[in-house]
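Undergrad: The chain contents come next:
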Amino acid sequence: MTFPALAAVSAAASFFQPATPAQAASAQGGFGEFLTRSASEAARTLGEGEAAALDGIAGRASLTEVAGKVMAAERTVQTAIALRDRFVAALQEISRLQI
Amino acid sequence: MLDPLSATFRIAASGLEAQSTRMRVVAENLANAESTGATPGADPYRRKLVSFDNALDRAAGVNLVSVKRVSADQRPFRMSYDPSHPAADEKGYVKLPNVDTLVELADMKEANRSYQACLQVWRQARELHAMTLDLLKA
Numbered sequence: 001m002t003f004p005a006l007a008a009v010s011a012a013a014s015f016f017q018p019a020t021p022a023q024a025a026s027a028q029g030g031f032g033e034f035l036t037r038s039a040s041e042a043a044r045t046l047g048e049g050e051a052a053a054l055d056g057i058a059g060r061a062s063l064t065e066v067a068g069k070v071m072a073a074e075r076t077v078q079t080a081i082a083l084r085d086r087f088v089a090a091l092q093e094i095s096r097l098q099i
Numbered sequence: 001m002l003d004p005l006s007a008t009f010r011i012a013a014s015g016l017e018a019q020s021t022r023m024r025v026v027a028e029n030l031a032n033a034e035s036t037g038a039t040p041g042a043d044p045y046r047r048k049l050v051s052f053d054n055a056l057d058r059a060a061g062v063n064l065v066s067v068k069r070v071s072a073d074q075r076p077f078r079m080s081y082d083p084s085h086p087a088a089d090e091k092g093y094v095k096l097p098n099v100d101t102l103v104e105l106a107d108m109k110e111a112n113r114s115y116q117a118c119l120q121v122w123r124q125a126r127e128l129h130a131m132t133l134d135l136l137k138a
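Protein chains in written order, with my numbering: chain L, 1 to 99; chain E, 1 to 138.
Read the hints as simulated data drawn from the structure, not as lab findings.
Beta carbons: idealized from backbone N, C-alpha and C, even for Gly.
Among these hints, one or two may not hold up.
Sample of chain E residues at the chain L side, in silico, Cβ under 8 angstroms [as the list claims (entries may be wrong)]:
#1 F77
#2 S80
#3 L133
#4 L136
#5 K137
Let's have the full structure, built from the sequences with the hints guiding it.
TA: Structure, rendered in C-alpha cells:
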C-alpha cells in the first residue's frame with residue numbers, strides 16, 4: 001500500500017533522479033560533470049582574460065582585445081553561476097519536500 | 001557553429017580593431033601633414049590609405065572585418081615656392097605632403113562614427129545576453 005503523497009514525492013524525485021541505480025548514477029554524474037566542466041571552462045576564460053589584461057598593460061595587446069577577452073570571461077562565469085544556482089535551487093526544492 | 005551572440009561580440013571587436021587602425025592612419029597623416037624632406041628635391045611624407053576587407057572566420061562561420069592593407073596615396077605632392085627651405089629644388093620649389101587636412105578630418109569623423117556603431121552593437125548584444133541570463137536567475 002502506498003500513500004498518495006509518497007507517490008507524488010517519488011514521482012517528483014524520479015523527474016530529477018531516474019529510478020534505476022545505473023540511471024541515478026549517470027544523473028549524478030551529469031550534475032557533477034556539469035559543475036566540473038563549467039568550473040574549468042570559467043577558469044580557462046578567466047585565465048585568458050587575465051593574460052590579455054596583462055598584455056594590454058604591457059602594451060602588447062589592443063584595448064579592444066583586452067575588453068573582449070575580459071568580457072568573455074565575465075559572460076562565461078555569469079552563465080555558469082546562474083546555471084549552478086538554478087540546479088542547486090531545484091535540488092534543494094526536492095530535499096525540502098514534506099513527506 | 002558559434003553562439004550568435006558570442007559571434008556578434010567577435011564581429012564587433014573586429015570592427016573596433018579595424019576602425020582603430022584607420023584612426024591610427026589618420027593620426028599619422030595629420031601629424032605628418034607638414035613633413036618635408038631634408039635634402040634638395042627630396043620626397044616628403046606620402047599620405048597613407050587604409051582599405052578594409054571581409055575576412056571569413058571558418059571556425060565560427062562569420063564574416064569579420066580586417067585591414068586589407070595600408071597603401072600609399074599616389075596623388076602628386078603639393079608644390080610650394082620657398083627657396084630658403086633645405087628641401088627646395090633648383091627652382092626654389094619644395095614638395096609638400098599630399099595630405100589634405102580637411103579630408104583627414106572627415107575620415108577621422110567617419111572612423112569615429114563607425115567605432116561608435118560597433119561599440120553600440122557590442123553594448124546591445126551584452127544587454128541581450130544579460131537579459132536572457134536573468135531568465136535563469138528569476
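Undergrad: Now tell me if each hint is right for this structure.
TA: Hints, verified against the model:
Interface restraint check for F77/E: the shortest CB-CB distance to chain L comes to about 33 angstroms, outside 8 angstroms, so the restraint is violated. Taking 8 angstroms as the C-beta contact cut-off toward chain L, the hint placing S80/E at the interface is violated, the least distance being around 38 angstroms. With 8 angstroms as the threshold, the beta carbon of L133/E comes within range of chain L, its nearest partner Cβ sitting at about 5 angstroms, so the hint holds. Restraint check, L136/E versus chain L: the minimum CB separation of about 4 angstroms is within 8 angstroms; hint holds.
The interface hint given for K137/E holds, since its Cβ lies 6 angstroms from the closest Cβ of chain L, which is under the 8 angstroms cut-off.
Violation of the numbered hints given earlier is confined to hints 1, 2; the remaining hints are satisfied by the structure.
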